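*Asks:* Model the full structure from these sequences, guided by the hints.
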Amino acid sequence: MELQAVLMAAGGGSRMTDLTYNTPKAMLPVGNKPLMWYPLNLLEKVGFEEVIVITTKEVQKAMSTDLKIKDVKMKLDVVSIQEDGDMGTADALRHIQPKIKTDILVLSCDLITDVALHEVVDLFRAHNATMAMLMSKAHEFTETVPGQKGKKKTAEQRDFVGVDKSGKRLLFMANEADLEDGLSIRKSIMRKHPRMLIKTGLVDAHLYCLKKAVVDFLTENKSISSIRGELVPYLVRKQFSKTVNSQKLKDDTDDQTQEKNDGPANHELLISSRDEPLLQLAQERSCWNDHRGDMSEAYHGGKLRCYVHIMDQGLCCRVNTLAAYIEVNRLAPKLFEEPSVHPSADISERCQMGSDSIIGAVCHIADKTSIKRSTIGNFTTVKEKVKVTNSIIMHGVTIEEGCNIQGSVICSNAVIGRGADLKYCLVGNGQHIEPEVPGIIILNTGNLDLCLHVL
Amino acid sequence: MADSGVIDGPGRKDEIERAKSEGKDLTKEEKQRLRKEKKQQKKIKEKKDDKASQENEKEKKPVTSAAPASQPPTQPTVQKAPSAVPATAPVSVPASEASVPADKPTKTKAELKAERRARQEAERASKQTKKGETGQQAATSKPKAPPSDLQPVVKRLPEHIQVDNPDVLKKLAKKLERQQIPLRSDYGYKVSLFSHLHQYSRKAPLTQQLSIPSTVIHPAIVRLGLQYSHGIVAGSNARSVALLHAFKQVIRDYTTPQNEELSRDLVNKLKPYISFLNQCRPLSASMGNAIKYIKKEISNIPSNCKEDEAKNKLLNCIESYINEKIILAGVAIAKCAIEKQKISDGDVILVYGCSSLVNHILCKAFEKNRKFRVIVVDSRPRLEGKEALRRLVQKGISCTYVLISAVSYILPEVSKVFLGAHALLANGYVMSRVGTSQIALVAKAFNVPVLVCCETYKFCDRVQTDSFVSNELDDPDDLIVTRKGTTPLEGWENESSLGLLNLVYDVTPPDFVDLVITELGMIPCTSVPVVLRVKNVDQ
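Note that the protein sequences, when read in sequence, are chains A and B.
The first sequence runs 1 to 455 under my numbering.
The second sequence runs 1001 to 1539 under my numbering.
Because the hints were derived from the structure by calculation, they are not lab data.
One thing to keep in mind: the hints can contain errors.
Stated by the list, open to error - One-sided excerpt, in silico: chain B residues whose CB lies under 10 Å from chain A:
| id | residue |
| --- | --- |
| 1 | Leu1226 |
| 2 | His1245 |
| 3 | Lys1248 |
| 4 | Glu1387 |
This one's a predicted model, so the numbers in the text were calculated from it and none came from an experiment.
Beta carbons: idealized from backbone N, C-alpha and C, even for Gly.
*Replies:* See the structure below:
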């Protein structure tokens, strides 16, 4: 078996608590499908047959009832972990280490992308890499986000990513938060790769191909708890570390028994395979080198290699903020050629529906409604004379007559009373917006308490 | 038409008499052939008369069993097929043939072929009389005309040089479908002389169409295929070693299914892998020989052998093959070259591209304290010479680097030329990186000795005299280069009259090669078939 897929679905959605305080992030509806269906679909399309899903009990329960997830033909091996949130992604990998028999492909449940996965995996295979990851050029979010006053720039920390001149080999990775006195690059890296491109406008898709040796290394090295935060920068740094080079490994292969004794004390990544001398011979005899101009052999003799595939076209979005969630609701349905109106929805004829709207299953849309650029979830009822524009309405919502909803997000099971006029609002789960006297308009309320208060 | 054949027969005979009188002898075989052809023509004439009479019969009696009965020898194909329906089928065939235009009724394929051949011979003979060629030509042209009563021995052409034949492509597609391997599509406009070869693009790897955790093909083979198509493993020796390494992993992970024998099943398992690797990059001669060896070893495993034992045996065989044929052969060749004073003090040695064996020899010679310097010749688009340069300079050898366009400028300084080979063909031709034959030609013109270094496992029994028939077309986009910010060839696909050609191999005739150094010793180029014969006898 070549690769095992691991889906991390235990994340809490800490950057969009308004949406996730009731629904776990993995089950948030995007285009009327649960968020975790998208990475599962990506894996299924590419040909995976089994996925290990690491998630919480709550999500596990929700998964068993969700129709879309039941549709997934792969075998889902669900591993549930505690919900206290102390477990990082690397801790989760350590937890499932007995199940891992070969190299792994780690995905996050909030990744929605149409990348050709073979691009990432080919880098992993062809160069016998220790890690291969996916990154994408960040796109500005254009939609107005409820709860944001004006176009305030979110204080996201930038990531500095250094790649070599071919754009594939990852040389440097650091977050702005860790670079207090400025960006410093080791001389050993500059000597080996005199040309480095440093990019800041990249979004990490949290899709990693890791060698099995890395998972074994994690079990020994218990101090690493997050893949993105700690493991990846560690691996990138280790590429140029003096200890990991061909000389050391020659000694290792001579003295295999001693290695085992040193194992627990020595937290080095042991990247060697059987028939290492044959691979060496093939590389020696091959007239290929990944760089030109200096005296060293291919890959500078380094055994640890990290590669990155940077997507410049196509959709690659991580749904971990409200802005991303709204953006992705617009774009995700375009990935699939499904009919925008679910066949079981009951839509009256005098309803004006835009072509870029999506209506879920078992909906009732009454007359004289206008639905533009919106997503309406399953089991939703929309009464007469309602205008819904640019909004996201989740499942089980009831919208009474005469409402005007613009640029808002209405969570599941909410009830919007008659005549409510919501602009750029975020209505929480199960909330009731009382019918109010016409004339009062609610603007820009991100806070649920505030919402109730006004009415 | 038959009559004209008869007339031409004696006409040709006269021609031969003339030739004889000119002093060129016809050999006994050629005389025999002449006699056969004459007899044949008589037969054809008789058959035609028969046919004509039978035609008349058939037209009178539409359904007869006599008709098929009278034509058994001339309708072998018809009789073979519908054995279940003997009576109706032969009758229906003549009936359908009767519906064919009236000027050629009821003639079977074999008879048509025979007629065509007779016509061709007649035309050839008339051409010769026109040209008035020498008797030798006439004599040599006789064997060309295939006597139709001898079965023509047509060797099956490999599919990879018949890409412009849609039937062959269809067959290949079917075969790959059966083996569940995706078909790689050709890319870009192919120069017409080479349109019978595949041309792939590196940007469309075969893995695009495979499922990601590859189940049909072993992951080691997928990795190897990728490395081949990206050029990470390049060079005849490296490719063979990598291939054998991957096969070792396949054998290790292999388990014999129920009711199957390892010796037969493993060979069948390897076939789709080999097709896959072929699609990624056409197999080299050395790889072909290695595969033949492995297949032979696998099929020679006795059926009572336990699986673990058998696997161990195979792994050891592979190890020993690599050891003997590649590693030790390299050592032996280096020893031979150095001891027999092929590299002496004060030599200026010219090498081309990056041949692992030549580099090895030079490094060993340098270690033995021979004083020489090296000129590395390089060519676009691969620029492999840079890698050779790096390896030699790292050892401390003093090198000069030139591009192939400067070869005639630099040759007066050179005392010897060492070339590596991709394969040695059975007629003594050397198949190597494109540009090698140029170097050999220029070296010959300057009277510089050319030595080819090649292990015996690269000898193959193919025969080729030109570089067109069988070659490899690399990605044409490699020829696009950006200089000073401009890329002149950028939109080459849109130019209808522009084709980019990126050849990989060429063949060097044995006249330009003075010596071949192998682990069996120093042999002239023309002794390759002897070595092949001896090897076959050994095995």
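*Asks:* For every hint, state whether the structure bears it out.
*Replies:* Cross-check of the supplied hints:
1. Leu1226: Status holds, d = 4 Å.
2. His1245: holds (4 Å)
3. Lys1248: This interface hint holds because 6 Å falls under the 10 Å limit.
4. Glu1387: holds (5 Å)
Hint compliance for this structure: every hint is met.
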